[in-house]
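Q: Residues per chain, in single letters:
Number of protein chains: 2
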Amino acid sequence: MYALYHYPLSPFSRKVRLCLAEKKIEVKLIEERYWEQDADFKRRNPAGKVPILKIGSKFFSESMAICEYLEDTIPDPSLLPRSAEARYETRRLVSWFDDKFYAEVTSKLMGERVFRKIMGTGYPDSSNVKAGAKAIKYHLDYMAWLLEKRRWLAGNEMTLADFAAASHLSCLDYVSDVDWNRSEVVKDWYAKIKSRPAFRTILADQIPGFKPSPQYANLDF
Amino acid sequence: MYALYHYPLSPFSRKVRLCLAEKKIEVKLIEERYWEQDADFKRRNPAGKVPILKIGSKFFSESMAICEYLEDTIPDPSLLPRSAEARYETRRLVSWFDDKFYAEVTSKLMGERVFRKIMGTGYPDSSNVKAGAKAIKYHLDYMAWLLEKRRWLAGNEMTLADFAAASHLSCLDYVSDVDWNRSEVVKDWYAKIKSRPAFRTILADQIPGFKPSPQYANLDF
Chain A
1 MYALYHYPLS PFSRKVRLCL AEKKIEVKLI EERYWEQDAD FKRRNPAGKV PILKIGSKFF
61 SESMAICEYL EDTIPDPSLL PRSAEARYET RRLVSWFDDK FYAEVTSKLM GERVFRKIMG
121 TGYPDSSNVK AGAKAIKYHL DYMAWLLEKR RWLAGNEMTL ADFAAASHLS CLDYVSDVDW
181 NRSEVVKDWY AKIKSRPAFR TILADQIPGF KPSPQYANLD F
Chain B
1 MYALYHYPLS PFSRKVRLCL AEKKIEVKLI EERYWEQDAD FKRRNPAGKV PILKIGSKFF
61 SESMAICEYL EDTIPDPSLL PRSAEARYET RRLVSWFDDK FYAEVTSKLM GERVFRKIMG
121 TGYPDSSNVK AGAKAIKYHL DYMAWLLEKR RWLAGNEMTL ADFAAASHLS CLDYVSDVDW
181 NRSEVVKDWY AKIKSRPAFR TILADQIPGF KPSPQYANLD F
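Chains as they are written, first to last, in the UniProt record's numbering: chain A, 1 to 221; chain B, 1 to 221.
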């Protein structure tokens, strides 16, 4: 009954996949080369993006709106804390990763080095790659600063904030763009989340033409 | 007790201002020239953006996370519908305007023609201005398509989706970038939202060096 149009290296798709898997919802994954934008795809989602979740005959788009919908309809296990303040902190961090981290890191590193090749849009812009490689250090340090005070990114419970962050970092790790030696607490956090059953299908992703880095699927990295 | 660090022509700040005003929360508005990024400002919000809401001694950032927090803590009047499906549609449309409309229209038109001048970052890129002027037509048509079936954008109740859309359009209207003659239903919808008391402080905004368009504060435009 559930189907997800996704792309393996789309962090937004990964966040929804993790959310579905954690809630133990079986889903048929359908790979969508969204940049080719065929008419059928545009009909499903006028915004022209992945992920799109199909439930019965209905289509749902925008990754955070989908995750909130799943929280509203399948509240157990919950990926949003109970208290208003902790919910705020979770949503703030999802925006942090999906807006700021995406713009400063994911789109720069993955966009230039992977998606240009897959989409056939020319050679990487090395100034973007450099800017992304510099910015990820700042973001890893920010995560370390948070994780020194908390068990998970938004507090002492695992939330959508952890899934948002792990979605971006796992895409970058596929192409070896994460220096796990930079911070012990960030590495420990990623080891914890990576070993969850919900992460399994993500670690099995394969992109033709791009071999995953040696540590990508390794739980003991 | 509430203070909002904002910038008058920031659509994200406007969404939070509308939300606060609709919930009848008095707030002290503090104009923040966020691109100058002084150290004090960065301490309040490491993401370096507006709006930032201060409640007591706590700082809240990311406009949608703030709006959701206000919904969680001051639920009346509600700006998110009750049913899970209608909540989803509201959140989907907030993302539509804050991500897609912002990237394709607001950042192109306001970014080039207003913010370059205010921030002193050179002359407008005319190809961006042209792309923005073209894209806004598509978005107005999409809104018309929604509003032909519904009283408000996400359904028959006014929601955060209307505030998100009105925030972007009111910024563009300040510099006369909206063709209100394109669609009768969109114009009617904007007239309805513009005449709400919550809109008053927004219609009184003045940016030095940019006179508002003649219809900007006119309820009978």
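Calculated directly from the structure, the hints in this document are not laboratory data. One or more of the hints may lead you astray.
Copies of the same chain are indistinguishable here, so a pair counts whether it falls within one copy or spans any two.
Below, simulated DSS-like cross-link-like pairs (lysine-lysine); rule was C-alpha separation at most 25 Å, straight line [as the list claims (entries may be wrong)]:
| id | residue 1 | residue 2 |
| --- | --- | --- |
| 1 | Lys54 | Lys134 |
| 2 | Lys192 | Lys130 |
| 3 | Lys42 | Lys192 |
| 4 | Lys211 | Lys42 |
| 5 | Lys58 | Lys211 |
| 6 | Lys130 | Lys149 |
| 7 | Lys211 | Lys54 |
| 8 | Lys130 | Lys187 |
| 9 | Lys42 | Lys149 |
| 10 | Lys117 | Lys23 |
Q: Hint by hint, note whether the structure agrees.
A: Hints versus structure:
Taking the closest pair of Cα atoms, Lys54 and Lys134 never come within 25 Å of each other, the shortest separation being 38 Å inside a single copy and 31 Å across copies. For the homomeric pair Lys192 and Lys130, neither the shortest alpha-carbon distance inside one copy (29 Å) nor that between copies (48 Å) is at most 25 Å. Proximity of Lys42 to Lys192 under the C-alpha cut-off of 25 Å is found in neither arrangement, the shortest distances being 37 Å within a copy and 31 Å between copies. In this homomeric assembly, Lys211 and Lys42 never come within 25 Å of each other (Cα to Cα): the closest approach is 30 Å inside a single copy and 39 Å across copies.
When the C-alpha separation of Lys58 and Lys211 is checked against a cutoff of 25 Å, the pair qualifies neither within a copy, at 35 Å, nor between copies, at 46 Å. Taking the shortest Cα distances, Lys130 and Lys149 never come within 25 Å of each other, neither inside one copy (30 Å) nor across copies (48 Å). Taking the closest pair of Cα atoms, Lys211 and Lys54 never come within 25 Å of each other, the shortest separation being 30 Å inside a single copy and 47 Å across copies. With identical chains, the CA atoms of Lys130 and Lys187 are at most 25 Å apart within one copy only, with a shortest distance of 23 Å there and 46 Å across copies.
Taking the closest pair of Cα atoms, Lys42 and Lys149 come within 25 Å of each other only across two copies (20 Å); inside a single copy the shortest separation is 44 Å, beyond that limit. Taking identical chains as interchangeable, the C-alpha atoms of Lys117 and Lys23 are never at most 25 Å apart, the minima being 34 Å within one chain and 49 Å between chains.
In summary, the structure is inconsistent with hints 1, 2, 3, 4, 5, 6, 7, 10 from the numbered list given earlier, while agreeing with the others.
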